[in-house]
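Trainee: This is what each chain is made of:
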Amino acid sequence: MSEAMRTEGRLAEQVRDKADADTETAQSVGVPVASRWSARLRNAGIPVIGFLVILLFWQLLTSGLVSESTIVTAFQPRNAFRELIGFFVSGVIYSHIFASLERIGLGLALAVAIGVPIGIVIGHYRTAERASSLAFQFLRMISPLSWMPIAIIAFGVGNNPVIFLIAIAAVWPMIINTAHGVSSLDQRWIRAARTLGANEWKLVRMVILPAVVPDMLTGLRLAVGLAWVVLVPAEMLGVSDGLGYYILDTRDRFNYGELMAVILIIGVIGYALDQLIRLLRVHVSWDQGER
Amino acid sequence: MASVVEQEQGNVSTAEARIVLENAAKVFAARSGDTVAFQDVNLTVHEGELLCVLGPSGCGKSTLLNVIAGLDELSRGSVAVAGEPVAGPHYTRGMVFQDYALFPWLTVEENIRFGLDARGFKGDKRSIVADLVALTRLQGFERARPAQLSGGMAQRVALARALANQVEILLMDEPFGALDAFTRMEMQEEIVRIVKAQGVTTVFVTHDIDEALFVGDRVAIMSAHPGELRRVIPVPIAHPRDRVDPQLVRLREEVFTEFNLAHTREQYYHI
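One line per chain: the protein sequences are S and C, in this order.
Residues -12 to 278 in the numbering used here are what the first sequence lists, from first letter to last.
Residues 84 to 354 in the numbering used here are what the second sequence lists, from first letter to last.
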């Protein structure tokens, strides 16, 4: 494993540890019910307070104390929340949300389809790891958005370049985590499978793939985070729907309340996606997220 | 070939040879110099026999087992099973590992079925698995995951998984090393019962003298650094055995002497 890959591995472990801590506090056993509830309230309360502090700052910065310009005051939370409700009442936002989710879904699917096989090969064969490490460390550090002109030349204007950019952002954590999982695979499983009559293909399908599911889900969680961050700017070019497009649209209409409402929606969906993968990792993965 | 005759003195069986090792040696090459795992090993395991390989750590007994399994290659000499030289692992040679090596993402049943699935076995898998669950007394645990099992239970699963392939040879690498003393004794009785019921030729590697004598039809004694086969002691006591059988106790003394672990009173006082 190269140094950078190890760092990525450590990062993945931190994500795991975090997930463990989350599940542990939620499942503290042997504590009386009443104190468990108060602990749960405390657990939920502190993050909520943190969130309220941010809201307070938002309010203070836009209330006219810093600047009395109407451009600034238009960004006030009350406008944002009013427009947010308006979005769902009018239903205007749904098509944009679905467009964004569709792109992120396709982009991630592409990243998984490309990243997992490459990760398995790199994790499995030392030569492949050495051959690819320099190239991948180089490619990984290029902002996915730098590819945008090339993506548009290659795929034309529309959905495809956006999906490509998401895939290129999300493919690295998939590759690196899958490779990390395969290379740190318990060798006893391989030996056991070979004595049980598994050939190379069965070894991959029946041992390596299921064994690295936890690592792939860790990779997917990092991939979703990156993809969601890349999605918004990627949608600012060449498409006529999606949350990224809609941000520019609100700006062009000078509707800063709506702009802030879209930002809120982006944050909430991103948080929800992350939690979804975390739950998936706890419930689908054979190690119940305990590694 | 005098050494062959000498080592084979423990042979009480008239059954045909199943595993034959001739002048076998395994050397691990390293930058700091070669390490001899074992050398000059001549050993024959007979059909249906339960042979224990007994020795301290570093005598190469686990490597010897891996060589028979086909997971490791010999540096010198030859290993043959049923007259055929061993070339890689084969499903007819099942292996049971000390730390079970169960697949944690599969249930007990799925673990047992793994070999059948891996080699695309077309017969009645369900009845094979059900029979093995009964044989290894795993009823009620079919749907459990390895993480939910005790060490003894996990090793029963590993044994059933190896047997599911209708193995001709069962290789056990310190299978009860991770178990507590009482579970270990229980499992020793179980392994004899199961192996004898299946009539499968078994090589059982251990560093536990009492275990080797309780379980083995013969005990091959190895010494360490370099790993060499010292002698093969027959244990002519019918199964199931009594742990305090006087004959077993005598054999135990013999093995102790072989490892220089038996001290006379005078020797003791001189120290």
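One should not assume that every hint holds.
Unchecked claim - No more than 25 Å apart at the CA atoms, straight line, and that leaves these computed lysine-lysine pairs for DSS-like:
(1) C/K279 with C/K208
(2) C/K279 with S/K189
(3) C/K205 with S/K189
As the list claims (entries may be wrong) - Computed from the model, here is a short list of chain C residues facing chain S with C-beta under 8 Å:
(4) A170
(5) D182
(6) F186
(7) R202
(8) G206
(9) R244
(10) N248
(11) E251
No wet-lab data here; the hints were simulated from the structure.
Where a beta carbon is used, it is the ideal one built from N, C-alpha and C, also for glycine.
Trainee: Against this structure, judge whether each hint is valid.
Mentor: Tested hints:
A threshold of 25 Å between alpha carbons decides the hint, and for C/K279 with C/K208 the separation of about 23 Å falls inside it, so the pair holds. For the proposed pair C/K279 and S/K189, the alpha carbon gap of about 32 Å is over 25 Å, so the pair is violated. Simply put, C/K205 and S/K189 have alpha-carbon atoms about 16 Å apart, close enough for the 25 Å limit, and the pair holds. Given the 8 Å rule on beta carbons, the hint for C/A170 is violated: about 13 Å separates it from the nearest Cβ of chain S.
At about 7 Å, the closest approach between the beta carbon of C/D182 and any beta carbon in chain S falls short of 8 Å, and the interface hint on this residue holds. Against a cut-off of 8 Å between C-beta atoms, the interface hint on C/F186 holds, since the closest Cβ of chain S lies about 6 Å away. With a cut of 8 Å, the hint placing C/R202 at the interface with chain S holds, because the nearest CB-to-CB distance is about 4 Å. Here the hint on C/G206 is broken, as its CB sits about 14 Å from the closest CB of chain S, past 8 Å.
The restraint placing C/R244 at the interface with chain S holds, with a minimum CB-CB distance near 7 Å, inside the 8 Å limit. Hint status for C/N248 relative to chain S: holds, with the closest Cβ pair at about 6 Å, below 8 Å. Below 8 Å, beta-carbon pairs count as interface contacts, and C/E251 has none with chain S, the closest being about 13 Å; its hint is therefore violated.
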